[in-house]
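K.L.:
The chain contents come next:
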Amino acid sequence: MKNNLEVIRKDKGFTQEELALKLEVSRQTISSLEKGKYNPSILLAFKIAKLFNMSIEEIFIYEEEEK
Amino acid sequence: MNRKKIFSSLGSIIGLSMILITFFFMQDIRFDRVSSIILGIGAGILGLSIGTFLGEILDEENPTRKVAMEIEINDERNINIREKAALKTNSIMTYFLSLAIIISTLIGASKSVLFIFIFLLISKIIIQYIYLNKYTELL
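Sequences listed follow chains W and P, in order. Going left to right, the first sequence walks through residues 1 to 67 as the numbering used here numbers them. Going left to right, the second sequence walks through residues 1 to 139 as the numbering used here numbers them.
So that you can see chain W by itself, here it is in the shape it has in the complex (with noise of 0.2 Å):
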């Protein structure tokens, strides 16, 4: 799954560590997130879209595996 995460974050002028806190997970979930290397719950991705008043859609693209 691709995100806009990094870019969005950017634009509202936090920093890894202040999205982290402001979220109440670790600065490496962040980081992860942002690498694409982790995919969030649906707990924290919507924690996400609310914090940045977005939908998900808008912050997660789905991308449906190749097989």
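Possibly wrong hints are sitting among the right ones.
Simulated crosslink set (DSS-like; lysine-lysine; CA at most 27 Å straight-line) [to be verified]:
id, chain 1, residue 1, chain 2, residue 2
1, W, K37, W, K2
2, W, K2, W, K50
3, W, K50, W, K10
4, W, K22, W, K10
5, W, K12, W, K50
6, W, K10, W, K37
7, W, K2, W, K47
8, W, K22, W, K47
9, P, K84, W, K47
10, P, K88, W, K37
11, P, K84, P, K134
12, W, K47, W, K35
13, P, K66, P, K5
14, P, K66, W, K50
15, W, K10, W, K35
16, P, K66, W, K47
17, P, K66, W, K22
18, P, K88, W, K35
19, W, K50, W, K22
20, W, K35, P, K84
21, P, K84, W, K37
22, W, K35, W, K2
23, W, K12, W, K22
24, W, K35, W, K12
25, W, K35, W, K50
26, P, K84, W, K2
27, W, K47, W, K10
Calculated directly from the structure, the hints in this document are not laboratory data. Because the structure is a prediction, the values reported are computed rather than measured.
Once you've looked at the hints, dock chain P against the given chain W.
P.N.:
Frame of chain W; chain P shown alone:
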């Protein structure tokens, strides 16, 4: 004083008492094995209690440290990592236990040793089955 501090203080006193008892009242050869066990448990309790007590003091002095620690513990990615690591460890340990049973059979180890290994392996399978059922119903 919060509960953690009270319990860790009590733990320190109990641990220290256990250590002192072994040094002053259990020097006789008759108590050799018991005193070693008591000394070990006492040292464990003392170490753990001091660690908890110092941790609480640090948390009080620096509340952000406590928040950061709680975030690290409850972080969903960390929970995922811990669960995956535990799962992998569990599978590897099953192989190790099976290997231990085979080796102890081949080298003709005593039946009690073999019994312990088999008991551990069977317990592991039963516990796994119980939790599998529990979480199947729960989730």
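K.L.:
None of the hints should be skipped; say for each whether it holds.
P.N.:
Quick rundown of the hints versus the structure:
{"no.": "1", "hint": "W:K37 x W:K2", "result": "9 Å, holds"}
{"no.": "2", "hint": "W:K2 x W:K50", "result": "19 Å, holds"}
{"no.": "3", "hint": "W:K50 x W:K10", "result": "17 Å, holds"}
{"no.": "4", "hint": "W:K22 x W:K10", "result": "15 Å, holds"}
{"no.": "5", "hint": "W:K12 x W:K50", "result": "13 Å, holds"}
{"no.": "6", "hint": "W:K10 x W:K37", "result": "19 Å, holds"}
{"no.": "7", "hint": "W:K2 x W:K47", "result": "17 Å, holds"}
{"no.": "8", "hint": "W:K22 x W:K47", "result": "9 Å, holds"}
{"no.": "9", "hint": "P:K84 x W:K47", "result": "24 Å, holds"}
{"no.": "10", "hint": "P:K88 x W:K37", "result": "20 Å, holds"}
{"no.": "11", "hint": "P:K84 x P:K134", "result": "19 Å, holds"}
{"no.": "12", "hint": "W:K47 x W:K35", "result": "19 Å, holds"}
{"no.": "13", "hint": "P:K66 x P:K5", "result": "15 Å, holds"}
{"no.": "14", "hint": "P:K66 x W:K50", "result": "26 Å, holds"}
{"no.": "15", "hint": "W:K10 x W:K35", "result": "14 Å, holds"}
{"no.": "16", "hint": "P:K66 x W:K47", "result": "22 Å, holds"}
{"no.": "17", "hint": "P:K66 x W:K22", "result": "16 Å, holds"}
{"no.": "18", "hint": "P:K88 x W:K35", "result": "25 Å, holds"}
{"no.": "19", "hint": "W:K50 x W:K22", "result": "11 Å, holds"}
{"no.": "20", "hint": "W:K35 x P:K84", "result": "20 Å, holds"}
{"no.": "21", "hint": "P:K84 x W:K37", "result": "15 Å, holds"}
{"no.": "22", "hint": "W:K35 x W:K2", "result": "9 Å, holds"}
{"no.": "23", "hint": "W:K12 x W:K22", "result": "13 Å, holds"}
{"no.": "24", "hint": "W:K35 x W:K12", "result": "18 Å, holds"}
{"no.": "25", "hint": "W:K35 x W:K50", "result": "21 Å, holds"}
{"no.": "26", "hint": "P:K84 x W:K2", "result": "23 Å, holds"}
{"no.": "27", "hint": "W:K47 x W:K10", "result": "17 Å, holds"}
Hint violations for this structure: none, all hints satisfied.
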